[in-house]
Amino acid sequence: MGMASIIEVEHLRKDFGPVRAVDDISFEIREGICFGLLGPNGAGKTTTIEMMEGILSPSGGEIKFRGHPIDQRFKEKVGIQFQSTALPEFITVKETLELFSAFYPDPRSMEEVIELCSLSDLIDRDNRKLSGGQRQRLLLGIAIIPYPELVFLDEPTTGLDPQARRNFWELIERIKAEKTTVVLTTHYMDEAELLCDEVAIMDHGKILERDRPDRLLSKHFQGVLVKIPEPGNPDSLPEGATKKEDGIEIVSGNLERTVRELLEARVDLHGLSIHQPDLEDLFIKLTGSRLRA
Amino acid sequence: MKKFFAMFKARSMEFVRDKGTFFWNLLFPIVLVFGFAFAFSGNNDTLFKVGVIGQADNSMPFMQMKQIEFVRYDTQDGSITPADVVERLRQHKLDMVLDFTNERYYINKLSPEGPVLRRLFTADADRGTRAASFIQEEVAGQPIRFVDWLVPGVIGMNMMFSCLFGVGFVIVRYRKNGVLKRLKATPVSALNFVTAQAASRLVIVVLTSIFVYAGTNAFLHFMMKGSYINLLLLTTLAVVCMIAIGLVFASRLKSEELASGLLNLVTFPMIILSGVFFSLEGSPKILQQISQVLPLTHFVEGARSIMLEGAGFMQVLPDYLYLGGLTAALLFVSSLMFRWE
Numbered sequence: 172m173g174m175a176s177i178i179e180v181e182h183l184r185k186d187f188g189p190v191r192a193v194d195d196i197s198f199e200i201r202e203g204i205c206f207g208l209l210g211p212n213g214a215g216k217t218t219t220i221e222m223m224e225g226i227l228s229p230s231g232g233e234i235k236f237r238g239h240p241i242d243q244r245f246k247e248k249v250g251i252q253f254q255s256t257a258l259p260e261f262i263t264v265k266e267t268l269e270l271f272s273a274f275y276p277d278p279r280s281m282e283e284v285i286e287l288c289s290l291s292d293l294i295d296r297d298n299r300k301l302s303g304g305q306r307q308r309l310l311l312g313i314a315i316i317p318y319p320e321l322v323f324l325d326e327p328t329t330g331l332d333p334q335a336r337r338n339f340w341e342l343i344e345r346i347k348a349e350k351t352t353v354v355l356t357t358h359y360m361d362e363a364e365l366l367c368d369e370v371a372i373m374d375h376g377k378i379l380e381r382d383r384p385d386r387l388l389s390k391h392f393q394g395v396l397v398k399i400p401e402p403g404n405p406d407s408l409p410e411g412a413t414k415k416e417d418g419i420e421i422v423s424g425n426l427e428r429t430v431r432e433l434l435e436a437r438v439d440l441h442g443l444s445i446h447q448p449d450l451e452d453l454f455i456k457l458t459g460s461r462l463r464a
Numbered sequence: 012m013k014k015f016f017a018m019f020k021a022r023s024m025e026f027v028r029d030k031g032t033f034f035w036n037l038l039f040p041i042v043l044v045f046g047f048a049f050a051f052s053g054n055n056d057t058l059f060k061v062g063v064i065g066q067a068d069n070s071m072p073f074m075q076m077k078q079i080e081f082v083r084y085d086t087q088d089g090s091i092t093p094a095d096v097v098e099r100l101r102q103h104k105l106d107m108v109l110d111f112t113n114e115r116y117y118i119n120k121l122s123p124e125g126p127v128l129r130r131l132f133t134a135d136a137d138r139g140t141r142a143a144s145f146i147q148e149e150v151a152g153q154p155i156r157f158v159d160w161l162v163p164g165v166i167g168m169n170m171m172f173s174c175l176f177g178v179g180f181v182i183v184r185y186r187k188n189g190v191l192k193r194l195k196a197t198p199v200s201a202l203n204f205v206t207a208q209a210a211s212r213l214v215i216v217v218l219t220s221i222f223v224y225a226g227t228n229a230f231l232h233f234m235m236k237g238s239y240i241n242l243l244l245l246t247t248l249a250v251v252c253m254i255a256i257g258l259v260f261a262s263r264l265k266s267e268e269l270a271s272g273l274l275n276l277v278t279f280p281m282i283i284l285s286g287v288f289f290s291l292e293g294s295p296k297i298l299q300q301i302s303q304v305l306p307l308t309h310f311v312e313g314a315r316s317i318m319l320e321g322a323g324f325m326q327v328l329p330d331y332l333y334l335g336g337l338t339a340a341l342l343f344v345s346s347l348m349f350r351w352e
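Protein chains in written order, with my numbering: chain E, 172 to 464; chain X, 12 to 352.
Be a bit skeptical, because a hint or two may be false.
Residues from chain E that face chain X, not an exhaustive set, calculated with beta carbons under 8 Å [stated by the list, open to error]:
#1 I251
#2 F261
#3 E266
Treat the hints as calculated values from the structure; they're not laboratory data. Even for Gly, the Cβ is constructed at its ideal location relative to N, Cα and C.
So here's chain X without its partners, still in its complex pose (with noise of 0.2 Å):
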């Protein structure tokens, strides 16, 4: 125990006071996150937005107003489902739907524009036209902005980085450098300096993790409707595996031009397949079934609905399973193979 915590100090040391790699962990992402909220912040235009299904009467005053932008949708075809525009309407996305086949209209009543259109739209009804006819609905739903969408990947990103790097990169350093054989010649244990190298990154990660959200949502004050707990132990588990990952390239190599290009090769893939800047929804599904086996898909899945629909742990437990899964036979690959040189 003495062993390892000499090592888990004299590791986390090196993290804190190598002034580039820390300022990059930390700074990085907020920047990003800062980035992307400013430039998707605009309320583009005055207008407001609203959802047409079915056959739309343009004789209406209501259809012909300059303010509204009217969206149409087909749902003939299957591709959309009057649901799926409802939906929409919850997440902000649309300021009100129309339903002409079903004479329906929809509102958010947590919109602000809500009440302004259906007074617009009454207005209509009580100069008896077709407006007349239709049936209120409403809906509630925070809107969503891109930035409450985004921060799970971005700081799932930073975690994949950090850990693969951070303890394939470093530790494949030591061994061409001869740390390890120095660390050979003494009496620790292999295992016993991997697991205070793993534990200090995994420390250090989940810290990293926590700052960057609580930093940026200081500011942006993200949507939370699940529980922190429960975002707490996704992210840890999903730091584990990546670390897990950062083991199996560390067990080996002895090169650091090899292990930083088999390293890219595995966190490009993932930065683009698992939806971290922009969904995969629509996308061939050869591409959506690869993103299911990278792990960073299921922590930014995972997250997002923990934070976006409130889901419970049974509902992120396909998540805690696949990465706990992969975790463990990913551990098993990198006992076996770990070599001192």
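Okay, chain E solo, but in the shape it has when bound (with noise of 0.2 Å):
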């Protein structure tokens, strides 16, 4: 805490033609954090990261980096990694490297890109022929060339298998390691709360918290999660219970009591299970619908 904010956004807003895509947020990144944008698809995330990012223009509101409206040398000191890009083709690994050094004054090393990146046994790979998280490695490694100050990464593991989301976020703690500023933007609860520090939740174009995860799950789900898939046709309910198409669910500070309760009115129990609330459980609390991972 008290680190002084990277990046600002103040009352940004953006309209593509009659949708209201981004609502009038406002947000600031502290340094050296990694700061997760979650949202459901079409909350808007997409579009306020490539504002941030100087690629979409806003319809309304500022963003400044460093203190500053972003400028054309914005782009030599951040590196971004967008939901989906073609690379050019019939070049190699090793050839697109070269070329995006060639962009920026002060490049990292190859070497040092491909280590970062474990990229070593792709380099002579033609681009077409690399697979979903050999490509997601690729476009990441693209990121990191020029040292960037703040690294923005548009729903990086989407479209992966669980083992290369695994490996990429190995490769995001790296980068987290060197002091690196990350935006991140995903709709996977677990990834936000593997590597965020801070995370916000959007939905229809407006911020709807913003936290730390743990202090977020606090101020929201005070005790443990129960859910009752079956309940039959209980005389009452306990305190906190809120009925769901696929039963109930309840947020209990005292276990036993609940329990008690549950009993007492004749609930049946049969399929109940006891969690401890996490961001998924938060974000449908908050969005009222099941992610659309």
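Two chains, two frames, a set of hints: combine them into the complex.
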């Protein structure tokens, strides 16, 4: 805490025709942290991050990098990984890194990029022959070439298999270890929980909550989460219970009392589960929708 | 500059390594030139062809020879002049011209048929026919084969496709698949990117054209009366002009299908109206006027006049000026229109 913010977003707005994709959001990101922008598909995450990257121009509001509006030099100080990018065709991984290295005044050495992103087995491979995970590693490699002060990663693990996702998280940890500020969008809550020091949950173009994941959880859930899939027809429900399509959910601060109340109300406890609330539960609570993962 | 060369290199490697496109760009025009050379090579018959102007005297034994095909030209209605007929002799489309109006006969001294026909005709004169009063005139002209006339057209057409699709289509594809967006996120400027693309294409297309010309010339020995430097200069300017057309399409379009359709809309009229495969001589005036708007016409006509008529720089200057002016205008338009996304 107490660190200066590297980027500030003030009253940011973006309209696509009649659709307001981003609706007057403000936040700042402290230097050196990993900041997660979470939300379901269509929440406005990519639009927000692309305005921060300087790719899209805002319809309103302002973005400041180290206290100044973003300018041409900004592009030399940030690394960007888009959600989907085609790579130049017919050139190899090594040639692609060489190409992008030529764009920056003081690029990272090829060996360092290859080492950081585990690309050594792939350097002579044609871009077109990379798997999903390999591609993302190369795109991350391109993003870190300029020794960026700030790295933007837009849904970097979407579409990857569990193994490739885990590998990719490891790479992000390496970049975080360099004290680089990371801005990450994702709709995977496990990813956010593991990587992010601070998250903002977005839906319908607005930020619903923003804080450290543990603080958000303790703010919204005092206790554990009890789920009963087939409660039958109970006489009454204990305090803090909510009816859902797939059964009832109870946030309980006192598990013993809750179970007693459930028994007294003749709730069918078959299939009951108890778990520590995580970001996914918070997310569903806030956005009212299951994740469209 | 470092950025420029990096992008120039990447784009050029893409071209060389894309085997399909690479060979298509080289082999297609070569096959076309050889194909036409072969198709039009046969001296279809053993007849001599003699052009006849004015009222022929068919009682002359010469006029009755079965081995000679007589082609009669009506110079009365003004559709063809005696000079035009003699020009055909110069270009070896005729082997001899008999002008009964002015009592002259013309042969081409560079044509092997010339002396034979003269011998036959003077034999007639010795017999005391009207041939005796004819005066001999000589012209000199190398034969222009169809393939000599065709080769600038084929190379021009190949240039056009390679520039329009290689720049126009490829940049639209980059825009659609996100390569442009990725570059926009780097410190590379749009101008730097576009110049590198255009420069890579310019070098590739000029080298391809030289290769196709040299490769076919080694076997077919094209007529070349003018200067190679002039021809190369015209080629380079025409390539730049075609690239500029490609850039206009590349500046905004996002859909490859639309780009492909529009590019075809531009290339097809040029193939037909720029005189690539056949001359527009004698076609309706409106078509000829349209053809003068098309840059390919100026390349093809300029190259033909350099190669076949030995035109110098000043004689093709109007073509240079048109291509240069059009290029400047198109580059200006595309620079105003360009968007990364």
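Against the structure, the hints:
1. A distance limit of 8 Å between C-beta atoms decides the matter here; for I251 (chain E) the minimum to chain X is near 4 Å, and the interface restraint holds.
2. With a cut of 8 Å, the hint placing F261 (chain E) at the interface with chain X holds, because the nearest CB-to-CB distance is about 4 Å.
3. Given the 8 Å rule on beta carbons, the hint for E266 (chain E) holds: about 7 Å separates it from the nearest Cβ of chain X.
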